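Asks: Numbering (my numbering), first residue to last: 2 to 100.
Think of the hints as simulated: they come from the structure by calculation, not from any bench.
In this text the structure is predicted, and so the values were computed from the model without any measurement.
For every residue, glycine included, the Cβ atom is placed at its ideal position computed from N, Cα and C.
Some clues are possibly wrong.
Have a look at the derived ranges for each label pair, beta carbon to beta carbon [unchecked claim]:
1. 68 <-> 41: 31 to 37 Å
2. 28 <-> 80: 39 to 45 Å
3. 45 <-> 10: 17 to 23 Å
4. 42 <-> 67: 27 to 33 Å
5. 72 <-> 5: 34 to 40 Å
6. 30 <-> 72: 25 to 31 Å
7. 7 <-> 68: 26 to 32 Å
8. 35 <-> 66: 22 to 28 Å
9. 80 <-> 32: 32 to 38 Å
10. 81 <-> 24: 50 to 56 Å
11. 76 <-> 3: 43 to 49 Å
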Amino acid sequence: DLVLNLTIPAAHFDISISALSAGKHVFTEKPLATSANDGRRLVAEAAKRGVLLGSAPDTFLGAAGRRARRLMDEGAIGRPVCGTAFMMGRGMEHWHPNP
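With these hints in hand, go ahead and build the complete structure from the sequences.
Replies: Okay, here's the thing in structure tokens:
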């Protein structure tokens with residue numbers, strides 16, 4: 002009844018569109034698709050088939066980051082003099098056994 006799509010981002014669209022076309026509900030890891038157009042196609046296919054489509058939420062501007070910013074702005078840790086953040090990185094979806 003449901004396909005859980007945990008493939009690499011580049012494969013999300015192909016797997017999800019196949020499952021939706023087969024009348025299956027789909028929940029996929031983020032991103033929903035690698036382009037807005039492909040994302041729109043997935044949404045349209047789900048609506049056409051009367052099935053549900055969902056995606057894991059992105060936490061880029063989630064509650065934890067916003068709270069950290071608020072606490073810093075309120076002086077909870079004193080005066081920050083330096084900071085670092087990691088926004089994106091080459092994760093396992095870029096891994097290849099023979100680079």
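Asks: A separate judgement is required for each hint: does it hold in the structure or not?
Replies: Verification of the supplied hints:
1. 68 <-> 41: 31 to 37 Å: Holds - the Cβ-Cβ distance for residue 68 and residue 41, about 33 Å, lies within 31 to 37 Å.
2. 28 <-> 80: 39 to 45 Å: holds (44 Å)
3. 45 <-> 10: 17 to 23 Å: Holds, since residue 45 and residue 10 (Cβ atoms, about 20 Å apart) stay within the stated range.
4. 42 <-> 67: 27 to 33 Å: 32 Å Cβ-Cβ, so the 27 to 33 Å window holds.
5. 72 <-> 5: 34 to 40 Å: holds (35 Å)
6. 30 <-> 72: 25 to 31 Å: For residue 72 against residue 30, whose Cβ atoms are near 30 Å apart, the range 25 to 31 Å holds.
7. 7 <-> 68: 26 to 32 Å: Cβ of residue 7 to Cβ of residue 68: about 28 Å, so the range 26 to 32 Å holds.
8. 35 <-> 66: 22 to 28 Å: holds (23 Å)
9. 80 <-> 32: 32 to 38 Å: This hint holds: roughly 37 Å between Cβ atoms.
10. 81 <-> 24: 50 to 56 Å: holds (52 Å)
11. 76 <-> 3: 43 to 49 Å: Holds, since residue 76 and residue 3 (Cβ atoms, about 47 Å apart) stay within the stated range.
In summary, this structure violates none of the numbered hints.
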